[in-house]
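J.: If you're matching them up, the sequences are chains A and B in order.
Heads up: the first sequence runs through residues 1 to 279, numbered per our numbering.
Heads up: the second sequence runs through residues 1 to 305, numbered per our numbering.
Among the clues, some could well be false.
[Said to hold, decoys possible] Stretch-level coverage of chain A by chain B, calculated; a stretch enters the list once three of its residues show a Cβ under 8 Å from a Cβ in chain B:
#1 41-49
#2 150-157
#3 176-183
#4 218-232
#5 262-271
[Unchecked claim] Here are the computed lysine-lysine pairs in the DSSO-like style, where the Cα-Cα straight-line distance is at most 30 Å:
#6 A:K241 with B:K72
#7 B:K3 with B:K47
#8 B:K72 with B:K47
#9 B:K159 with B:K210
#10 A:K51 with A:K241
#11 B:K159 with A:K51
[Unchecked claim] Have a look at the derived ranges for each label pair, beta carbon to beta carbon:
#12 B:Y203 with A:I115: 40 to 46 Å
#13 B:R7 with A:G160: 56 to 62 Å
#14 A:P38 with B:P215: 55 to 61 Å
#15 B:D74 with A:P38: 57 to 63 Å
#16 B:D197 with A:G65: 53 to 59 Å
#17 B:L294 with A:L36: 31 to 37 Å
#18 A:L64 with B:N48: 42 to 48 Å
#19 B:S25 with A:L81: 25 to 31 Å
#20 B:V106 with A:Y120: 37 to 43 Å
#21 B:D197 with A:I115: 30 to 36 Å
#22 A:L177 with B:S228: 53 to 59 Å
#23 A:D45 with B:I60: 36 to 42 Å
#24 B:E99 with A:P191: 49 to 55 Å
Quick caveat, the hints were computed from the structure, so don't treat them as lab data.
Here the structure is a predicted model, which is why all the values come from computation and not from measurement.
A virtual CB, placed ideally from N, CA and C, is assigned to each residue, including glycine.
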Amino acid sequence: MKRWKFFERIKRDKIALFSIAIIIITCAAALFAPYLSPYPFAVQDPGAILKGPSLKYLLGTDRLGRDLLSRIIYGSRVSMLVGFTSSLLALIIGAIYGAISGLAGQRTDNFMMRIVDIVYSLPDLLLIILISVVIGRSVIGIFLALALVSWVTIARLVRGEALRLKEQLFVEAARGLGASNLRIIFVHLLPNTVGPLIVTLTFRIPAAILAESTLSFVGLGITPPFSSWGTLANDGWSAIKFYPHLIIFPSFAIFLTILSFNYLGDTLRDFLDPEMRYK
Amino acid sequence: MIKLIFRRFLWGIPVLFFVASLTFSLMHVVPGGPFDKEKNLPPAIQKNIEEKYHLDKPVITQYLLYMLSLSKGDLGPSYKYLGRNVNDIISQTFPVSLELGLWAFVIAIILGISTGIISAVRVNTLIDRVSQFVATAGISMPNFVLAVLLILIFSEYLKALPAALWESSRYAILPSLTLSLGPAAYISRLTRGSIIDILGKDYIKTARAKGLSEPLILFKHVIRNSISPIITILGPLGATLVTGSFIVEYIFSIPGMGKFFITAVTNRDYPLIMGITLIYSALIIIANIFVDILYSVIDPRVRMK
């Protein structure tokens, strides 16, 4: 029932529909890059170096004569992969940590939350840079660094829910029936926090994409041979004066994707929990 | 009250200690030393360098030495900028970052609160919808994308403002605008929500029933009561400005702490990385304490607790 109401609502909201379309297109681009891109991503055309958009190369070419559109389509793979996987890993770490902390209560909870407070109070990007110095600037390094930093928001959320839920009768009943802590966490606590978790996840993905592209842009992120939208923008940065198309198109792809996720997240949050609207 | 502030400051010490230990261990798990690039050095010189920076000693000794000098306020020598202390570098670059941050802070607050108030008063009208969509867009736009846009428009096409360096106040306009847009958008959304919330309260109805004029109600009753959530986010806002400043300083080639941080990471200048991280953490701790104080000044109920 509730699900249908959501679709009803989305149908009336043109911007939300547009956001969903953008997200689907980006995911499709990432999944089917080899079939969708007009040229293989490393192919060079010596006759078309640094050309602006044309019919042959829709978004123009870079300094090696490679098709920018194809490179953006391939770049979506790294950006989306990092966004999705790091958010999922953060979700898993955060949910389990938060559930344990909330369920344990008292001193354990206090101690576990102090750690969260410390990580939370430091700027994300600073920590991500520090961690990626250690793990290295590969795709996996960036994704781990992102996950290791962003789990704290989720831990706080789940811990709060766990504190609220554990006093409720159904948890007490489960305990009375001899359910183990593990069972209580996975069967009773986490399924009851799905709504807020989905909303948080919708906001984590764009945040991860933003962090990754920013790092890659300043040269601290993904390194060749892989390229994300951030590295493409970084390539274009040096040529901004004469070939602005090289930086405008990747930047626009990043912005549009993040905006779509954020708008969808807002809509989802308003729908699932109208009271949370402004918090 | 004073006790509370004092306790918060005391809590800052273990946090800083934790941050220092964390960054120290992170920097020392990394394989390869900072002087790897100069591999061709004769072994004797290599040995001298290692001795000078205590790199020949066990990690534990290095840690203790670092902590000891840290407790005296000495952040150690820079590995890259020979003959310069981390303290010197920070004291030269910090004022630049501070100026940029303050400009951005002021712009964010003025822009965010004013658009938030306008949106809330004209809720669900076209103005409100447009400004809220712009706010969502502002939150979604990475700093570097905005910077690129501003540079293309104002420096390349209009040739009105400089795109790099830090010489006069004209140089501060584009970077501080870039840095402030995200926080401004955030404040705008928050202000709008908070004011809409207060507008629905009974005492506003009472004020209206008394026949008070709308501007009076807005400024005396609504805004004063809706300001506290905005103050709460000033702390996290400080953090946002800090991280934003890496990127903005890098893009606009501003000789601030953030730019040095990024070059320090690329150069593996560990003492500089640790030093700047510590300064950032200390700043954020102080910002949060300041927010607490401000909070209790604005909302006396907090003081009672």
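J.: Could you check the structure against the hints above and give me the numbers of any it violates, in ascending order?
T.: Those not satisfied are hints 1, 2, 3, 6, 7, 9, 13, 17, 20, 22, 23.
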